[in-house]
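> Protein chains in written order, with my numbering: chain A, 52 to 646; chain B, 3 to 187.
Some hints could be false.
DSS-like cross-link-like pairs, simulated, lysine-lysine; straight-line CA separation at most 25 angstroms [claimed, not checked]:
hint, chain 1, residue 1, chain 2, residue 2
1, B, 101, B, 126
2, A, 578, A, 506
3, B, 51, A, 301
4, A, 301, B, 126
Don't read these hints as lab results, they were simulated from the structure.
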Amino acid sequence: MAFKNYILVCGGAGCEANRGVDLYKTLQKELQEQGVENEAQVVKTGCFGFCEKGPIVKMLPDETFYVSVKPEDAKEIVAEHVVKGRPVARLLYDKTQSRTNAKLEDIDFYQKQVRIVLRNCGVIDPDSIDEYIARDGYDALAKVLTEMTQDQVIEELKKSGLRGRGGAGFLTWKKWMFTKQVASNEKYVICNADEGDPGAYMDRSTIEGDPHSILEAMTIAGRTVGASQGVIYIRAEYPLAIIRLENAIKQAKDYGLLGENILGTGFNFNIEIRLGAGAFVCGEETALIASTEGRRGMPIPRPPFPAVRGLWQKPTVINNVETYANIPMIVLRGGDWFAKIGTETSKGTKVFALTGKINNSGLIEVPMGTTLREIIYDIGGGIRGGKAFKAVQTGGPSGGVITSEYLDTPIDYEHLQKLGSIMGSGGMIVMDEDDCMVDVARFYQEFCVDESCGKCAPCRIGTRTIYNLLTGICQGRGTMDDLQKINEIGRAMQKAALCGLGQTAPNPVLSTMKYYEKEYLAHIKEKKCPSGKCRDLVTYYILPNKCIGCTVCARRCPVGAITGERQKIHTINQETCIKCGECLKACKFSAVFRR
Amino acid sequence: MLSLEIQFISLTTEIAEVLILNTTMEKPAADDKKLTPELKEFIRQWKPKPGNLIMVLHRVQEHFGYIPRNVAFEVADLLDVPLARVYGVVTFYHLFKLKKPGRFKIAVCMGTACYLKGGEDIIKELENILGVGLNAVTPDGEFSVEAVRCLGCCGLAPVLSVNGEVHGNVKKDQLAEIVAKYKGT
Ligand SMILES: Cc1cc2nc3c(=O)[nH]c(=O)nc-3n(C[C@H](O)[C@H](O)[C@H](O)COP(=O)(O)O)c2cc1C
Ligand code: FES
Numbered sequence: 052m053a054f055k056n057y058i059l060v061c062g063g064a065g066c067e068a069n070r071g072v073d074l075y076k077t078l079q080k081e082l083q084e085q086g087v088e089n090e091a092q093v094v095k096t097g098c099f100g101f102c103e104k105g106p107i108v109k110m111l112p113d114e115t116f117y118v119s120v121k122p123e124d125a126k127e128i129v130a131e132h133v134v135k136g137r138p139v140a141r142l143l144y145d146k147t148q149s150r151t152n153a154k155l156e157d158i159d160f161y162q163k164q165v166r167i168v169l170r171n172c173g174v175i176d177p178d179s180i181d182e183y184i185a186r187d188g189y190d191a192l193a194k195v196l197t198e199m200t201q202d203q204v205i206e207e208l209k210k211s212g213l214r215g216r217g218g219a220g221f222l223t224w225k226k227w228m229f230t231k232q233v234a235s236n237e238k239y240v241i242c243n244a245d246e247g248d249p250g251a252y253m254d255r256s257t258i259e260g261d262p263h264s265i266l267e268a269m270t271i272a273g274r275t276v277g278a279s280q281g282v283i284y285i286r287a288e289y290p291l292a293i294i295r296l297e298n299a300i301k302q303a304k305d306y307g308l309l310g311e312n313i314l315g316t317g318f319n320f321n322i323e324i325r326l327g328a329g330a331f332v333c334g335e336e337t338a339l340i341a342s343t344e345g346r347r348g349m350p351i352p353r354p355p356f357p358a359v360r361g362l363w364q365k366p367t368v369i370n371n372v373e374t375y376a377n378i379p380m381i382v383l384r385g386g387d388w389f390a391k392i393g394t395e396t397s398k399g400t401k402v403f404a405l406t407g408k409i410n411n412s413g414l415i416e417v418p419m420g421t422t423l424r425e426i427i428y429d430i431g432g433g434i435r436g437g438k439a440f441k442a443v444q445t446g447g448p449s450g451g452v453i454t455s456e457y458l459d460t461p462i463d464y465e466h467l468q469k470l471g472s473i474m475g476s477g478g479m480i481v482m483d484e485d486d487c488m489v490d491v492a493r494f495y496q497e498f499c500v501d502e503s504c505g506k507c508a509p510c511r512i513g514t515r516t517i518y519n520l521l522t523g524i525c526q527g528r529g530t531m532d533d534l535q536k537i538n539e540i541g542r543a544m545q546k547a548a549l550c551g552l553g554q555t556a557p558n559p560v561l562s563t564m565k566y567y568e569k570e571y572l573a574h575i576k577e578k579k580c581p582s583g584k585c586r587d588l589v590t591y592y593i594l595p596n597k598c599i600g601c602t603v604c605a606r607r608c609p610v611g612a613i614t615g616e617r618q619k620i621h622t623i624n625q626e627t628c629i630k631c632g633e634c635l636k637a638c639k640f641s642a643v644f645r646r
Numbered sequence: 003m004l005s006l007e008i009q010f011i012s013l014t015t016e017i018a019e020v021l022i023l024n025t026t027m028e029k030p031a032a033d034d035k036k037l038t039p040e041l042k043e044f045i046r047q048w049k050p051k052p053g054n055l056i057m058v059l060h061r062v063q064e065h066f067g068y069i070p071r072n073v074a075f076e077v078a079d080l081l082d083v084p085l086a087r088v089y090g091v092v093t094f095y096h097l098f099k100l101k102k103p104g105r106f107k108i109a110v111c112m113g114t115a116c117y118l119k120g121g122e123d124i125i126k127e128l129e130n131i132l133g134v135g136l137n138a139v140t141p142d143g144e145f146s147v148e149a150v151r152c153l154g155c156c157g158l159a160p161v162l163s164v165n166g167e168v169h170g171n172v173k174k175d176q177l178a179e180i181v182a183k184y185k186g187t
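The following block holds chain B by itself, in its conformation from the complex (with noise of 0.2 angstroms):
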């Protein structure tokens, strides 16, 4: 009684990961993502020290930019994690994504000193000029826009990053330059 129990609750569980990850993680599109060989020999150097899945994550998306699904699968598989691990640390980090962002991340800092230098400005007049809002990436998958929480660039504010590099003192007629600055390069 008791062993079929578990294999129900275990039943449960994979039924309910496959849920979870059908739903939310993005399809696997026609170039299916997979772990490279340099990602595989990360994992396995981290995989006897405990708690690396964090660290492991982090390794993953700075490759793909973001937690492909079927990695997602490889990893859990290769650290011996259940899955809903997995998708549970994912999930609960701001940083981790599960969609592919653009090719150029816009982190526009919402941190205190920026918000009241007039972050929220940058964030519409972003809008206006690459015609997509928050964490939505523009059809030519050029340029994503999210709100972070301070850069430690406080100095400066309003600040923002493109690919991890810092703008300061951003002013909004600037913005429409500092965009056609990345675009097709």
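Extracted from the complex, chain A is given alone in its bound form (with noise of 0.2 angstroms):
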């Protein structure tokens, strides 16, 4: 090591948002006032994943791990930690135990972890390709272009038992022989990096954590598949994670490990990057292939499948940001060694997007087969503010919840099917007794009516009129005949629909209605909604007998809808009442309630 201290400041896109562009700055110029700049070095890396607590600044050689850094306390770390050799306790995770808590392996958040895709977010700096390949990188691509041949390479993913990540579970070794196996003298490799999962951000922060990776596994592919031209399809939405991917590529051209004769083998390889526009369809291997070709992202019927007819009607290879990351360790490590990670039908780790009403919430890597509860509470430090847990959403809008009688179940592709959730790309939200779950449903359904192409008759009107149902639902015009109509039209829709959007579209409502058919009993039966969600649905009272007349409710209230003197008994006029529950929240001596 040049230096005597490194500072990793986390350079994900959460982190930054959180002042932590301003964090790596001020570092950077307290090292200087304090005359030390040749004793340390700060470097800006991926996501540490522990997003909750960010922005995050580990040191090293001693691998201190410092949460909620503020740039105030730069000058403190640099003059405390850098200067003194000691550390800042009040930024260490469990500020009690000062030494012993402070590594990464200690914290609770990380401890059930296996970081295979996430292997180099948080320990390298993304723009620097050096460092990628000082951790093995593009040892792989050499060993692919040097030593093994296209079936080998097949074979050892065979070993591995990888499965697609971006959502279906395919096994890549298939689609990879499938689109070898295809004569035709152009062919394609896709990165699927369009994220349209609202509250899923994996491939964002493994794209801007670790960039070479992808690039690395997709020249492998083309290797592989016999393909000279790679696709890099990111929403638009991820600015930082196309400037590092970017920065990549070009980085990668200089070094000769893309473009023309790489390494020196003769093989040629380009990657160019293709910018989505806000379309969760295009998430959809036809669609997207279509959005690259600058057309309105409709899919189209498979079979034919891309690897046989794809980009430009030529065979693809389209895979996720994930699946590629695992790729060079399966290469360089073995199917074997993979294959002994996770389940008997689901190998290696998952990451996920831990959020939603949990204490940690970030991005987590654990193999598979973890557990639920293991992930909620020895991760995510369970329910945040003490509330109940309800469910856990997996999979998004083509997804389904989990409620707390299956938390000990172990996840892999078929125990979620079999609960009637999916394992989806990797959103994993929690939610507890304040979420509504027909609330929840509709929101779904809201999202898949603006997100159908509306292509197919199924998927178009079967999502808006199962929302138009949940709408009534929620606002008390609920009958039960609805819940009768929504089981026939999702049924229907997952049968006739296109595409994996509209089949799947149906899943979120059914799946509530399964598990938690009382809560929609009591929106249409009762008028009520348990949770207090459902603003048409509830009603707050300010309790005579509590009331000591503090006024704090009447000065909270936005509209005015709350009056009473000093000292006496407040009342709410519900007429001009708009449910928002500020009253609730406000009173300190319990008197407002919700019915």
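Hints in hand, dock the two standalone chains.
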């Protein structure tokens, strides 16, 4: 090491948004001002995953892990840690055990994690190809180009059992083999970085933290199936990821690891970036191809699959970001090594974006087969604010909910499917007692209405009809008939819709109807929303025996619906009340009551 | 007969195009927007690459903040694609806008994580502060608010961004401050 200390600062989008850029600059400035710029270097890395406690700073070589660091803390970090060599206790994750609990591995959030996909995130500077290479980067490509035949690569993938991480879980080796077998003078390799599932950001963080791993894997794919052109289709909403990719492509070309005659082997492979433009359906592979071709992103029926006829009608391998990120490791360490991790049918690890009502939201990577309970309680630190756990949603608008009864289910493709949900791309949204399941179903349905491309009737009309019915139920106009209708329409869509979007759009509503029937019935029969989320179905009252007339609620009410003199009992005017619930939150005497 | 039919069809599509554009695309204002030389150069570079339309529209929108009507005509011309294609693509993708947004574009996340943590309340409160609802521009042209699906910072929910600058863990009572920070700068 050229420097005595390295200060790693998270450069993920979340932390950068949280004044991380400022922090990075302030740290540099402080090093100079305190005259120790030769002793420590500030390095910007990818996401550490612990987004809840960001911005994150990790000190090397002693691996001290600081959380929630503000630019104002830079001075102290430099003065104490760099100059005097002692940690700043107040910035440690566990402030009581200043030294022992300082390291990353010691923090409960990381203990059950296994990092294969995210191996370099938070470790290297994503803008430096040298750091990637120093961590065995591009070794796998060299091995594939110089020591392995195409069939051997496929064989290794087969042994690994790697399945696609974009949602459907199709075996990657099969996809590659099919594409390889088709004779064609032109083939393509596409990386699906559209990540449209709202509430998920695994692919974003992987690219932001380790862009070269994707380029390397795509080049390996190109060599294996016989393609010379790659395309990364990425959401335009991810500007930082795009910049990091552009930079990585340039560096790889400069190093002869991309472009013409890679590593002097005569193999040519180029990668270009294409931007999405805000359409969820473009994550679907045939729609993505249409969009890459500059058209409206409308899916087409399969078969033919892209492996046979894809981009520009040529055979095309299309894989998800996370799928690719696994591949260099499989090539280097062997398929057998990978297959040892995970369960019988689902090998390796899975990255999840753990969000919602959870204490430690963030990005996690766990072996397949880890239980939901371990993820939510051991890693996620349980439910926020001491509330009761209600459900966890996986698979986004295509998935379903899992209830507390099934918290001990090991997570893999089959188990989740059996519960009526799906693995999906890795969004994992935790819900608590305040969340209304009917409202959640309505939310997802609205999303599908917005995102339906309108090509096929089952999806175009079905999503809209279910949405209208759900809105009615949330507003107290629902009937038992509606449930029957939703069921019928939903089943029809699952069978008849053209693409995955329409086929899976009824999943959130069908799964909530199955597990939370009581809640639907409360909305329909009693016209009540048990969690109080559906505003049309709740009323706020002030309990006369508890109100002391402190006037706090009246002052908080945004529409002036609460009246009453100081030290006299207050009342809510139901006509003007907009049911925002501010009074309930404001009252310190539990005098506001919701029904 | 056949050629007449074809002529007729192309005539009707042309009429349809003009009709569509007249009704939905922003009417030309006094300062009519035109492609700048840089944009023309960008289009020239992309022209030989197949599937260029979306990339070109991104660049155009980056420059103007939306796809102005006249510019859409120019793009169709330069890329040699039917105007209806341009219109079709622009209206298919949520990101492309036909109307000029505010100088500061506030995007409130309504992805799942943000929705559960009160994204809706943020939108309502912004409406109170700015006096205009979703997808409208304040009369002074400063602000516009739109709902978007997931900015990829779900760990910081609820999230909003102003011209791409992300603000996380936003509380309702911080909104006035956030708006004030940009106003008039
Ligand atoms: C509506 C819909 C949206 C999808 N969105 C994505 C996405 O955002 N990212 C992704 O990788 N795959 C997405 N997929 C799955 C792709 O169609 C495809 O299966 C995947 O990219 C294949 O890669 P894999 O084998 O590595 O999973 C989506 C599918 C559907 C039906
Ligand atoms: S859900 Fe709002 S940033 Fe992802």
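> Evaluate each hint against the coordinates.
Each hint, compared with the structure:
1. 101(B) to 126(B): Between residue 101(B) and residue 126(B) the Cα gap is close to 22 angstroms, so the pair holds against 25 angstroms.
2. 578(A) to 506(A): Cα-Cα ~36 angstroms, so violated.
3. 51(B) to 301(A): 19 angstroms, holds
4. 301(A) to 126(B): 44 angstroms, violated
In terms of the numbered hints stated before, the structure departs from hints 2, 4, listed from lowest to highest.
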